[in-house]
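Student: Chains as they are written, first to last, in the numbering used here: chain R, 1 to 252; chain E, 1 to 288; chain F, 1 to 296.
If you are wondering where the hints come from, they were derived from the structure by calculation, not from laboratory data.
Check each hint, because a few of them may be wrong.
Stated by the list, open to error - Here are the simulated lysine to any residue pairs, SDA-like style, with alpha carbons at most 25 Å apart:
(1) Lys186(E) to Ala58(R)
(2) Lys104(F) to Val18(E)
(3) Lys104(F) to Gly17(E)
(4) Lys186(E) to Asn117(R)
(5) Lys42(F) to Val18(E)
(6) Lys186(E) to Ile10(F)
(7) Lys13(E) to Trp188(F)
(8) Lys104(F) to Phe133(E)
(9) Lys87(R) to Asp123(R)
Said to hold, decoys possible - Far from chain E, by Cβ distances over 12 Å, these chain R residues were calculated:
(10) Met1
(11) Lys8
(12) Tyr108
(13) Val120
(14) Ser196
Please read these numbers as outputs of a predicted model, since none were measured by experiment.
Using N, Cα and C, we set each Cβ at its ideal position, and we do this for glycine too.
Single-letter residue listing:
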Amino acid sequence: MSVLISVKNLTLMYSDGVESLHDISIDVVANAVNVFFGPSGGGKSTLLRAINRLNDLADVSTVEGQILFNGQNVLDPSVNVIELRRKVGMVFSRPAPLPLTVYENVIYGLRLMGENNKSVLDDRVEQALRQAVLWDEVYDRLNDPGTSLSGGQQQRLCISRVLALDPEVIMLDEPTSALDPVSTAKIEEMLQELKSRITVILVPHNMQQAARTADYSGFFLQGKLVEYAAGKGLFVNPREKQTQDYVTGRFG
Amino acid sequence: MDNSNYAQVSKRKAIVGVNLLRLITFITAVPVIGVIVYIIVRGAPALSWEFLTAMPRDGMRAGGIMPAIVGTFYLAIGTAIFSVPLGVAAGIYIAEYASDNRLTRLVRIAIINLAGIPSVVYGLFGLGLFVLFLNFGTSILAASLTLSIMTLPVIISTTEEALRQVPNSFRVVSTSLGGTRWQTVKNITLPQAMPGVVTGIILGLERAVGETAPIMFTGASFFLPMLPQSPMDATMALPYHIFVISTSVPGMPVQIQYGTVLVLLVFVLGMNVIATVIRNRARARRQW
Amino acid sequence: MEMVKGERWITWIIRISGYSSILFVSLILIFLAREGLPALGKVPLGDLFGTRWYPIESYFGIWPLIYGSVLVTVGALLIGIPFGIGTAVYLSELAPAWIKNILKPVIEILAGLPSVVLGFLGIQLVAPSFREFLNLPTGLTAFTGAVLLGFIAIPTIVSISEDALNTVPAMYRQGAMALGANHWQTIWGVTVPAARSGLLTAVMLGVGRAIGETMAVMMVTGNAPVLPSSWNALFLPARTMTATIASEMGEVATGSDHYHVLFFIGIVLFLISLAVNLTASSLALRSKKRAERLLS
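The following block holds chain R by itself, in its conformation from the complex:
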């Protein structure tokens, strides 16, 4: 196993003090499904948004510590954020197709890079949609609006939109919370396929999903990392009382 992202003593606070992170240290293992789970408000989304610097859009008052990605601290002001976000893609909890066609949704990031070669774009669209197991369902609807797809299809469209940029990491923030069980299963299956090439960070939308998918997992509670373990360790044999309570359903 090799560590791709290493979060060191990260403390982050929003100006209004709502959700924040306290002294988080955690490693993200390459080519694995890294699961961050815990009750909502625990700081998981904040951590994801710190890794790709999406928090730049929010009202953050304090950031301390480091997030090393390929040996470079992404919190450093000199980091090329655009470059970073292309390498660390993100999928959100609600399927959020841009108000564009299916095709344009997939190549949105590429267009922003200045890629306009039609045959290159065509290839990437097919490739990305196939990786997201969506091609067979939409190959004849590429010029329809992204919003005309079903919820599950929309979410896979959002995933292929990230994959089209050929990222090193894909972060998914409760990607199946708005989906039916069949769509959820498709996405979970896809993640297992993807991890051979791309590092996956997943915030699952419930404990069962965490247990099903995790190669490594961290349990977050109120902005702190309570416990971290490889494999299904946290679910089978939690060490901390708080983890135990959550995993056994005593709170959540």
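Following the hints, position chains E and F against chain R.
Tutor: Frame of chain R, contents of chains E and F only:
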């Protein structure tokens, strides 16, 4: 007074009150509709091809109002040239770029003030800055610039409003895919807000087209024997022409007055209708 | 902020456009001051705030004009407030959808009518009928101006009041109804008081609209810059500050005392509109904060 009696009294009060409100609304609305209908009835007989395309004759008591129509077009175009790019860019700045600090608050206060300054004060300002200080003279240029600054707050506010209605998730997604702020505006938020922006532009220009006071000392002319040849010439304009023929021309035929008012109304209300149609169609087609 | 190639200049353009409003307000103030403040040097202060406006003989007392503006504006509000707020309450609380669909465009049309058109209608229709009904020597009076101005202020008052009423949480109304209040009691006991700062904003902006209005008042108030001599001043001709500027600026020599005094009146108008709008916007801000607090 026992309870049921009390309830009855308050019920009667409510019925009277509601009917009073109905009456008030009725008194507000009916004259508006009545007046529009009246202007159409009185003005329509004046409308003819000659009225719309000929120069005025006989001290404006006969002939057409073509130079006033053309002048109003020129002023509308001149105003749009200056106010649209500036206003839309300023709206983008406030909605997409500005952070909440003292400078932004100052910008907001400035916009609120621009919106509230009386139109005749704009006229004075245009006279002082454009006509005299910059030496543009009473000209289409000076009048258009004056009207532009007056129109600016309308365009800025509606652009801002339209951009704010675009869901924030689009911005977050675009940014997460490596979009810069401008790329996000250009590719996503501005296209999505476009119908609202266009509506705002039309409403702003509608106001400019109908204004008299700001152009009285900056570019409008009582009577001109020929059409303006360049932006440095003064021009006739519909609103000022209406003012002139209803106050300063003795023996003015009423039919021509109503006809001229009708033409201006068609312009102004036509723009209003176009703006409404654009807004409603966009709302129906919107995917979010 | 991250940029790609060529983005720096467009960001600058947007930024400068954003700040341009500050520049324009400053320019307006500078040029009003440049042309208007010399009046203070040329006309003694006592004369400037004297009671006689007769520029041909160099009487530049602006009190009659201020008085004319106040008279007409107050008259306009006496009409605009009850009708504006009444209409807003009816539209937002009582009217069925189909009536709303007719009335809202009507109010928008009223808002869109150029003031010169209203002035024209004032001369053609309103003034003659007032003369007839009220048995006046002339229909061109402060009252006629006030009625027109009332109608000009109504759309502003209606739309802002309606917004204010619509932001009152439905919970409030349901609560009042659940306690046995009828519709009428709910409106005046709960909804209107809850929206009061928004309604006040609407009234303030209506004042701003009325006091700055030029063409309509100029055309129908009869243009007589005199101080009131009796209580029926409302039914006599008057002259507002705006109308004075509009009707006299065209004929003065640039740089004359009269010219500077007209700009000075412009400064007075600018300051009034500044005060009115700042008050209105701070009221609006306060009511917004209040609504956020209540709803959070």
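Student: Tell me the numbers of any earlier hints that the structure contravenes, in ascending order.
Tutor: The structure breaks hints 5, 8 and 12; every other hint is satisfied.
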